[in-house]
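Enquirer: Each chain, letter by letter, is given below.
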Amino acid sequence: MFYREAGDFHTTYTSDSQTFPIKFDRYRYYVVLAFAFLVVPFIINDYWANAIMLPFLIYAIAAIGLNILTGYCGQVSLGTGGFMAVGAYACYKLMTAFPEVSMFVHVLLAGGVTALVGVLFGLPSLRIKGFYLAVATLAAQFFLLWLFNKVPWFYNYSASGQINAPERTVFGFEVTGPNAAASTTYLFCLVFCVISALVARNLTRGTVGRSWMAIRDMDIAAEIIGVNPLRAKLSAFAVSSFFVGVSGALFFSIYLGAVEVGEAFSIQKSFLVLFMVIIGGLGSIFGSFAGAAFLVLLPVALKVLGVDLLGWPTDIVAHFQLVIVGALIIFFLIVEPHGLAQLWRLAKEKLRLWPFPH
Amino acid sequence: MKMKLTTLALGAALAAGPALADLTFPDLSYRTGAYAAGGIPFSDGYSDYFTLLNERDGGIGGVKTRVIECETAYNTEKGVECYEATKGENPLVYQPLSTGITYQLIPKVSADGIPMHTMGYGRTSAANGDTFKWVFNYPANYWNGASGAINHILDINDDDISGKKIALVYHNSAFGKEPIRTLEELAKKHGFELSLLPVDHPGQEQKSQWLQIRRDRPDYVIMYGWGVMNQVAIQEAANIRFPMENFIGIWWSGAEIDVLPAGDKANGYKALSLTAVGDDFPVYDDLRKYVLETGKAAGNGDQLGTVPYNRGLYAAMLAAEAAKTAQEIHGTPDINAAMMRDGMEALELTEEKMEALGMAGFGPTFSVSCRNHGGPGLVGVTQWDASAKQWNLISEFAPTDMDVIQPLIDADSAAYAAENNLESRCE
Numbered sequence: 008m009f010y011r012e013a014g015d016f017h018t019t020y021t022s023d024s025q026t027f028p029i030k031f032d033r034y035r036y037y038v039v040l041a042f043a044f045l046v047v048p049f050i051i052n053d054y055w056a057n058a059i060m061l062p063f064l065i066y067a068i069a070a071i072g073l074n075i076l077t078g079y080c081g082q083v084s085l086g087t088g089g090f091m092a093v094g095a096y097a098c099y100k101l102m103t104a105f106p107e108v109s110m111f112v113h114v115l116l117a118g119g120v121t122a123l124v125g126v127l128f129g130l131p132s133l134r135i136k137g138f139y140l141a142v143a144t145l146a147a148q149f150f151l152l153w154l155f156n157k158v159p160w161f162y163n164y165s166a167s168g169q170i171n172a173p174e175r176t177v178f179g180f181e182v183t184g185p186n187a188a189a190s191t192t193y194l195f196c197l198v199f200c201v202i203s204a205l206v207a208r209n210l211t212r213g214t215v216g217r218s219w220m221a222i223r224d225m226d227i228a229a230e231i232i233g234v235n236p237l238r239a240k241l242s243a244f245a246v247s248s249f250f251v252g253v254s255g256a257l258f259f260s261i262y263l264g265a266v267e268v269g270e271a272f273s274i275q276k277s278f279l280v281l282f283m284v285i286i287g288g289l290g291s292i293f294g295s296f297a298g299a300a301f302l303v304l305l306p307v308a309l310k311v312l313g314v315d316l317l318g319w320p321t322d323i324v325a326h327f328q329l330v331i332v333g334a335l336i337i338f339f340l341i342v343e344p345h346g347l348a349q350l351w352r353l354a355k356e357k358l359r360l361w362p363f364p365h
Numbered sequence: 112m113k114m115k116l117t118t119l120a121l122g123a124a125l126a127a128g129p130a131l132a133d134l135t136f137p138d139l140s141y142r143t144g145a146y147a148a149g150g151i152p153f154s155d156g157y158s159d160y161f162t163l164l165n166e167r168d169g170g171i172g173g174v175k176t177r178v179i180e181c182e183t184a185y186n187t188e189k190g191v192e193c194y195e196a197t198k199g200e201n202p203l204v205y206q207p208l209s210t211g212i213t214y215q216l217i218p219k220v221s222a223d224g225i226p227m228h229t230m231g232y233g234r235t236s237a238a239n240g241d242t243f244k245w246v247f248n249y250p251a252n253y254w255n256g257a258s259g260a261i262n263h264i265l266d267i268n269d270d271d272i273s274g275k276k277i278a279l280v281y282h283n284s285a286f287g288k289e290p291i292r293t294l295e296e297l298a299k300k301h302g303f304e305l306s307l308l309p310v311d312h313p314g315q316e317q318k319s320q321w322l323q324i325r326r327d328r329p330d331y332v333i334m335y336g337w338g339v340m341n342q343v344a345i346q347e348a349a350n351i352r353f354p355m356e357n358f359i360g361i362w363w364s365g366a367e368i369d370v371l372p373a374g375d376k377a378n379g380y381k382a383l384s385l386t387a388v389g390d391d392f393p394v395y396d397d398l399r400k401y402v403l404e405t406g407k408a409a410g411n412g413d414q415l416g417t418v419p420y421n422r423g424l425y426a427a428m429l430a431a432e433a434a435k436t437a438q439e440i441h442g443t444p445d446i447n448a449a450m451m452r453d454g455m456e457a458l459e460l461t462e463e464k465m466e467a468l469g470m471a472g473f474g475p476t477f478s479v480s481c482r483n484h485g486g487p488g489l490v491g492v493t494q495w496d497a498s499a500k501q502w503n504l505i506s507e508f509a510p511t512d513m514d515v516i517q518p519l520i521d522a523d524s525a526a527y528a529a530e531n532n533l534e535s536r537c538e
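If you read the sequences in order, they're chains A and B.
Read in order, the letters of the first sequence correspond to residues 8 to 365 in our numbering.
Read in order, the letters of the second sequence correspond to residues 112 to 538 in our numbering.
Straight-line alpha carbon distances no greater than 25 Å define the calculated DSS-like cross-link-like pairs of lysine-lysine that follow:
hint	chain 1	residue 1	chain 2	residue 2
1	B	K276	A	K157
2	A	K157	B	K318
3	A	K157	B	K299
Hints listed in this document are in silico derivations from the structure and should not be mistaken for laboratory results.
Take these sequences, add in the hints, and give me the full structure.
Expert: So, in structure tokens, the structure goes:
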């Protein structure tokens with residue numbers, strides 16, 4: 008009823024090419040944003056922030072980052088965990104070296120450092136493709152983890168080899184450390200997440216994004232029509248790594264507070280983010296959110312259902328969790344190989360035609 | 112009819128009356144993943160002891176105990192989720208059984224005012240209670256362990272190990288890296304040569320490490336391993352025919368399940384211990400009577416008497432004794448986390464107390480103080496007898512080299528205090 012173009016006249020090119028051309032969609036988007044910024048901070052508690060919202064927002068940023076590289080530019084990467092570690096360690100070194108600087112700056116700089124590292128490891132992508140590139144990025148993953156384990160300078164020579172986030176502030180509010188309020192940490196991550204999504208969305212609609220997609224669809228054809236593969240691939244690696252680095256920095260400093268590189272940023276993390284992107288939908292910003300939500304929220308929801316409501320033993324629930332999440336992944340990939348984003352797209356198409364589908 | 116009404120009324124009054132809140136002990140366990148082999152028996156022992164207290168004594172000081180279990184899979188992210196999910200239920204003490212999760216939780220419990228007990232694991236410098244108000248790691252820590260292993264090697268070699276080669280095979284994490292500094296200091300003091308061989312999580316792949324041991328031929332190998340890593344290491348050591356009596360594991364690397372897969376070849380393998388071994392204690396009679404036979408045992412109820420089960424039992428006993436002490440200090444059976452902390456800091460474990468609990472000789476006697484949250488640091492050595500399939504304690508619980516350890520603890524805790532602007536709080 009509400010979900011149609013009818014009566015919504017676009018008189019400028021700008022309004023015609025906006026992200027949400029349908030009025031209902033647009034208002035829904037504003038309502039979600041307003042709810043996230045104006046309502047959630049007042050009702051959120053420690054559990055919701057630390058167990059649900061922070062991991063969701065942080066993984067969403069990582070998934071957006073990987074989606075740019077894999078979904079939009081077609082370069083498969085298994086180095087996400089390693090790049091997140093770069094972001095985390097860069098943030099740690101910056102936090103401890105310049106304690107008085109705002110965390111906003113540190114997180115952005117950590118993203119910048121990761122972008123540089125990403126470009127470096129992206130160089131082989133000019134010569135190798137597909138599975139071979141995946142192996143090359145896998146090497147990055149192992150090399151980076153080995154480096155952060157091996158060189159004590161990265162963890163400030165601490166006895167345990169761990170990095171711990173000291174208390175740091177943004178505009179006088181503590182965002183790291185145990186005394187940070189749930190609402191501040193949530194808002195801090197939300198701001199990064201929303202800005203990342205906006206930037207990613209607009210990049211992928213512009214020249215840069217179109218050159219990425221041209222490379223993804225057929226690199227030789229793209230080169231012939233004048234897309235510079237060097238610039239396109241390396242810019243995809245840089246932008247992607249920037250987002251992944253930001254998420255790594257937030258993951259360490261805001262969410263966990265103490266990190267051990269081998270455990271927090273292992274190959275499992277790379278796979279987790281890759282699964283988020285695949286399940287959410289390759290080449291879709293909404294898909295990054297959907298995938299992150301699916302893989303972060305579903306296990307928690309299953310645990311709450313099994314242990315807290317049904318009172319089952321924790322190990323049975325933990326095993327069921329693996330089975331159910333795994334089965335759902337297979338189910339979604341069979342029913343909709345293009346991910347949750349495609350389901351969403353189809354639902355929207357159907358809604359537009361409802362109640363007279365043709 | 113009248114009587115029926117009265118009983119009904121009485122029943123209703125009892126049910127609705129202001130019942131004392133349960134004493135809540137969260138159990139951050141892991142029954143899944145690569146470390147479940149150690150996590151399951153520990154958690155079973157931990158909750159069985161509280162079940163025993165409820166069934167036999169009606170709780171602690173008349174208040175029932177409650178164990179909330181939360182699965183962490185030895186994963187720090189899930190550990191944080193478990194902590195946040197349980198901290199609203201008035202928990203008295205956290206025992207995460209993971210050094211990684213311990214590092215996550217130290218700042219959190221300090222800010223939230225909930226004590227944490229990391230028995231024989233976690234951050235070693237938490238032994239300095241002056242800095243770490245909310246964290247306890249009695250009765251012994253990883254650096255005691257390192258020194259205990261070296262002391263044992265000294266014993267065998269008539270106190271002279273200069274020029275010997277000792278290799279450390281360790282889990283490449285905060286847990287495995289803990290003893291390195293101590294061992295380096297001890298290497299300087301005793302003149303032995305230390306080589307370091309890290310094993311990455313989860314530890315199933317150790318071919319290259321043991322190849323190096325085969326090539327370098329160290330006189331002794333010390334292992335800081337956990338979970339599946341232990342079994343693999345012992346199997347690999349057997350494969351290269353490394354003499355088992357020269358292979359010493361930390362107390363987390365010495366369970367039945369670690370040595371059984373290697374069969375007879377594991378005979379003679381040594382592991383350090385915090386507690387006695389076996390089930391020859393009166394407390395086990397009660398456990399069988401009140402917990403096992405009534406079907407209230409945690410898990411499958413098949414872990415009684417194993418090394419990690421005993422360790423869980425011991426951890427629960429220390430927590431229960433600290434709760435009792437807290438009830439005495441504050442004169443109320445209904446204690447909260449802050450009172451529990453006072454109880455832990457004033458905990459005193461004597462022969463008589465252990466005897467009364469049916470656990471005489473189960474662990475060392477000790478007392479905790481404001482400055483010393485680490486206990487006496489007494490370490491025993493156990494050895495595996497493959498034919499009898501049992502661990503035997505082959506040494507006394509002996510003191511460790513505090514001349515080396517104490518300065519390290521002081522330095523590390525001073526660094527933490529400076530990082531967090533902490534003042535000295537003890538007299």
